[in-house]
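Q: The whole structure should be built from the sequences, with the hints applied where relevant.
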Amino acid sequence: MAKYLLKRLLQGIFSVMIVVAIVMIMIYSLLDRNLIFANDSVFSHQSNNSKETYKYAKWEEYGYLDYVPYADYLLELVKKGEIDEETRKAAVGIGRTAEADSDIVKEYVAKYTEYYESQGYKVRRMDAVMLSGKKVADGGKQQLFAYKDIPLLKRLGTYFAGLFEIDNINTVEEDIGDRGLTFTLYDPVYGGEKFSPAIIGNGTKHKYLLYFNSKFPYIHQNIVTINLGTSYTVNKGIDVFTTMTQSQGSYVKSTVTYPTGLVEESADDLHTATYSVGSRETSLIYQERFTDDYTNVGIVKSGLSKMGYSFSIGICAVIMSYLLGIPIGILMARKKDKLVDKIGTVYIVFIIAVPSLAYIFLFKAIGGNLGLPTTFDMESTSKLMFILPIVSLALPSIANLMKWMRRYMIDQMNSDYVKFARSGGLTEGEIFTKHILKNAAIPIVHGIPGGVLGALTGAIITERVYVVPGAGNLLTTAINQYDNGVIVGVTLFYALLTVISIILGDILMAMVDPRISFSTKDR
Amino acid sequence: MDYDYSKLGMSEEELFARVEFDGSSSEKIAAPKYSYWQSVFRVFFRKKINIVILALLAVIIAFAYIYPTVVEYDKYANLMDSAAKHLSPKKALEKFGNSIHWILGTGAAGQSTFDAVWYGSKISISLALCCAAINMTIGVVIGAIWGFSKKVDAVMMAVYNVIGNIPYILFISVMVMLFTPSFWTMVLALTITGWLGIAYFIRTQVIIIRDREYNLASKCLGTSTPKIAMKNILPFMTSIIVTLLATEIPSYISYEVFLAYIGMGLSDMSLGRMIFEAESAMVTPGWEFEFWSPVAVSAIITVVLYVVGQNLGDASDPRTHM
Numbered sequence: 000m001a002k003y004l005l006k007r008l009l010q011g012i013f014s015v016m017i018v019v020a021i022v023m024i025m026i027y028s029l030l031d032r033n034l035i036f037a038n039d040s041v042f043s044h045q046s047n048n049s050k051e052t053y054k055y056a057k058w059e060e061y062g063y064l065d066y067v068p069y070a071d072y073l074l075e076l077v078k079k080g081e082i083d084e085e086t087r088k089a090a091v092g093i094g095r096t097a098e099a100d101s102d103i104v105k106e107y108v109a110k111y112t113e114y115y116e117s118q119g120y121k122v123r124r125m126d127a128v129m130l131s132g133k134k135v136a137d138g139g140k141q142q143l144f145a146y147k148d149i150p151l152l153k154r155l156g157t158y159f160a161g162l163f164e165i166d167n168i169n170t171v172e173e174d175i176g177d178r179g180l181t182f183t184l185y186d187p188v189y190g191g192e193k194f195s196p197a198i199i200g201n202g203t204k205h206k207y208l209l210y211f212n213s214k215f216p217y218i219h220q221n222i223v224t225i226n227l228g229t230s231y232t233v234n235k236g237i238d239v240f241t242t243m244t245q246s247q248g249s250y251v252k253s254t255v256t257y258p259t260g261l262v263e264e265s266a267d268d269l270h271t272a273t274y275s276v277g278s279r280e281t282s283l284i285y286q287e288r289f290t291d292d293y294t295n296v297g298i299v300k301s302g303l304s305k306m307g308y309s310f311s312i313g314i315c316a317v318i319m320s321y322l323l324g325i326p327i328g329i330l331m332a333r334k335k336d337k338l339v340d341k342i343g344t345v346y347i348v349f350i351i352a353v354p355s356l357a358y359i360f361l362f363k364a365i366g367g368n369l370g371l372p373t374t375f376d377m378e379s380t381s382k383l384m385f386i387l388p389i390v391s392l393a394l395p396s397i398a399n400l401m402k403w404m405r406r407y408m409i410d411q412m413n414s415d416y417v418k419f420a421r422s423g424g425l426t427e428g429e430i431f432t433k434h435i436l437k438n439a440a441i442p443i444v445h446g447i448p449g450g451v452l453g454a455l456t457g458a459i460i461t462e463r464v465y466v467v468p469g470a471g472n473l474l475t476t477a478i479n480q481y482d483n484g485v486i487v488g489v490t491l492f493y494a495l496l497t498v499i500s501i502i503l504g505d506i507l508m509a510m511v512d513p514r515i516s517f518s519t520k521d522r
Numbered sequence: 000m001d002y003d004y005s006k007l008g009m010s011e012e013e014l015f016a017r018v019e020f021d022g023s024s025s026e027k028i029a030a031p032k033y034s035y036w037q038s039v040f041r042v043f044f045r046k047k048i049n050i051v052i053l054a055l056l057a058v059i060i061a062f063a064y065i066y067p068t069v070v071e072y073d074k075y076a077n078l079m080d081s082a083a084k085h086l087s088p089k090k091a092l093e094k095f096g097n098s099i100h101w102i103l104g105t106g107a108a109g110q111s112t113f114d115a116v117w118y119g120s121k122i123s124i125s126l127a128l129c130c131a132a133i134n135m136t137i138g139v140v141i142g143a144i145w146g147f148s149k150k151v152d153a154v155m156m157a158v159y160n161v162i163g164n165i166p167y168i169l170f171i172s173v174m175v176m177l178f179t180p181s182f183w184t185m186v187l188a189l190t191i192t193g194w195l196g197i198a199y200f201i202r203t204q205v206i207i208i209r210d211r212e213y214n215l216a217s218k219c220l221g222t223s224t225p226k227i228a229m230k231n232i233l234p235f236m237t238s239i240i241v242t243l244l245a246t247e248i249p250s251y252i253s254y255e256v257f258l259a260y261i262g263m264g265l266s267d268m269s270l271g272r273m274i275f276e277a278e279s280a281m282v283t284p285g286w287e288f289e290f291w292s293p294v295a296v297s298a299i300i301t302v303v304l305y306v307v308g309q310n311l312g313d314a315s316d317p318r319t320h321m
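So the sequence lines, in the order shown, correspond to chains A and B. Note that numbering that gives the first Met the number 0 has the first sequence beginning at 0, numbered continuously upward. Note that numbering that gives the first Met the number 0 has the second sequence beginning at 0, numbered continuously upward.
Don't read these hints as lab results, they were simulated from the structure. It cannot be assumed that every hint is accurate.
Computed, partial: chain B to chain A, Cβ under 7 Å [claimed, not checked]: (1) Leu14; (2) Asn160; (3) Val173; (4) Met176; (5) Thr179; (6) Ser253; (7) Val256; (8) Val294; (9) Ser297.
Note that beta-carbon positions come from the ideal geometry of N, C-alpha and C, so glycine has one too.
A: Shown next as structure tokens:
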């Protein structure tokens, strides 16, 4: 069994990788890469040559290509010790046109061109854009750079290699004093007197690697971070996984004791502090509060995360649909061709045939007339606003469960073992609960993990109609705003959830039905 | 006991006349006359509700395909008339006089909602029919091969596991971004992977029937595989295919509405796009008709198509022909 599951898991991961590869081909090769600048205000304010270099710099940032400006090449040479600072300064100033270069510049430009062209890069030189006579136009400074498209395999490799980032004491490149981990039983965030174990690092990206607080699941870690892909437009510079999991809403202030001893009403969450180079020196605010450069702190907010809202709505809808769908399906099978069955069938036809948008709006209108809140408000403490989204989400899955439960029950009703049980004198109730139900439930059980994990991804229409700040719209928003990082990240997340839920479904099915076996011997 | 044979309509002599033994007639196998499609329609029309629904379908098709060719519709005809915008049916009838155009009121540009709905229906129904025709043809053919050949099965299962994991919206949005969102782009987007699910369904059905005893017997008697596929398996599949078609056609209309709602729909005024554009009108008092008319019409179309398809699917199952 374990061997079989491992094989299934590996197959699943392999197919997830292919999915990511296909998605990458689709968005990086098939789509026009200029589209990503559609909503970039910085880009639209640039002009001439600097607009071009901005484009290449951004394309490098978002994984399209490898971009090396001439100046960076020279800096690299200085680092390697091949040239000294004097030579660099003399060589860096390229002329307005290639002819205007000084001899030393010509020499290094030739070296640069030869070096990068031999590696398959394209070298591009843009002459200065002149307004009149000697005046250079806005953003029209001369440019020299080399670029190369990143091949798919390399892109895939870097993406998967960067998925899990393990924080260690050598993460910070700058000089930070004694690197190391300290284990304390009395977390300084709580004043250093309350018992609360924590691991604090110096030289790591996060200051707190392990800590306890009052929020579920009480113990938190920052050792392993998941990077699904950096967002460009949806949530600028923030990773997809963080976008989905960070809390939203208004600030929650509490009394915070900063490392310097300053006590203040603030929403800062000191446990989330990350390293920010030289930040303490530049800011007086940081100097008053922090004793080191771990100044980049998160903020405590009142609401749930995107995934949190989607999941709380989704899981309630899943529970509701199983609690209602299965008993009604059973009832329909028992009263086949009676009134209950007919009403149920009409409902199923309605849900299947009517566009989901139509009945969600219908339900919104009915709920609104009953006085239920029809839009979501994060600041409100009322739980009533959850009702309509949950019900709208549950309606189609109730119909689906009713349909299949009825179908499986009726199929089982005609089988030989049921006739045998009946001839043996069992009551109809006994036959239904002890014999048919157990067999009919097997295929239904298979869908439970899918339903639960699917709740994490959110529902597109429901969340849009009720203005729920959930994760369901992330993919469509990302597509509308050409945010490649988010598209790849969300696809990977969806694909992983699908693979895992199918495997979990199979395991659950094997647990319910002893006849199903995964070991190859029995087959 | 005496029996009154005249009740049977024949005299006693006729009833008890001797019949000569005929050796040649014992060679014939007597079976009642049976025509498959005739029986399908006989069973279909036996339910009176089907006639009503079919008539409703005919009315919808007539309105969607004939009405737009007869009536001139210009969305921006009343654009300059600010008093013509967002009218309720009652006010529109008062303003423009009693005409069929205005019974659903007017929209944001002063256009007739009634006309717009039928123009939209034409596009939506055409889209659904095109997609269903393409997906069903490819799906059934590939699904049949997939079910029959074990080598194809291994390859296709791998393809299915991978493509099934890619969000469907992603394919569609890439298509929409690559080309302009025209009618045929949308067809391409909905069919590029849409056939895969149908093929998988057909494959499962073919595998179920493929190894039945009667096919084994047929194979032993030397029937060729194409003949088994055509004569033994295809008739069995007819009702399954028709039932599948009944769920497929409405699903494309629903899908189009969904795509338009999230802003990835057609550039033409389909039903989905109408709903998308009139969304804000839903909550504005007096404007509700703009929003609910396309919603209601799309719901009616899909329900009618679904019910007709399901009942036709039931009727095409030979086991109901008794």
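Q: Holds or violated: is the Cβ of Ser297(B) closer than 7 Å to a Cβ in chain A?
A: 6 Å, holds
Q: Regarding the hint that Val173(B) lies at the interface with chain A, is the smallest CB-CB distance below 7 Å?
A: 5 Å, holds
Q: So, as I understand it, the hint says Val294(B) touches chain A; can you test that by seeing if any CB pair is closer than 7 Å?
A: With Cβ-Cβ at 5 Å, under 7 Å, it holds.
Q: Have a go at the Val256(B) hint: is there a Cβ in chain A nearer than 7 Å to its own Cβ?
A: 4 Å, holds
Q: Hey, does the Met176(B) contact hint survive, CB to chain A under 7 Å?
A: This hint holds: Met176(B) lies near chain A, its Cβ roughly 6 Å from the closest one there, short of 7 Å.
Q: Can the hint on Leu14(B) be confirmed by a CB-to-CB distance to chain A that is less than 7 Å?
A: For Leu14(B), the interface hint is violated, since the closest Cβ of chain A sits about 43 Å away, which is over 7 Å.
Q: Let's test the interface hint: is any C-beta of chain A closer than 7 Å to that of Thr179(B)?
A: 13 Å, violated
Q: With a cut-off of 7 Å on the beta carbons, see whether Asn160(B) makes it to chain A.
A: Where the cut-off is 7 Å and the nearest Cβ of chain A is about 5 Å from Asn160(B), the hint holds.
Q: So, as I understand it, the hint says Ser253(B) touches chain A; can you test that by seeing if any CB pair is closer than 7 Å?
A: Because about 4 Å separates Ser253(B) from the closest Cβ in chain A, which is inside the 7 Å limit, the hint holds.
Hint violations for this structure: numbers 1 and 5, all remaining hints satisfied.
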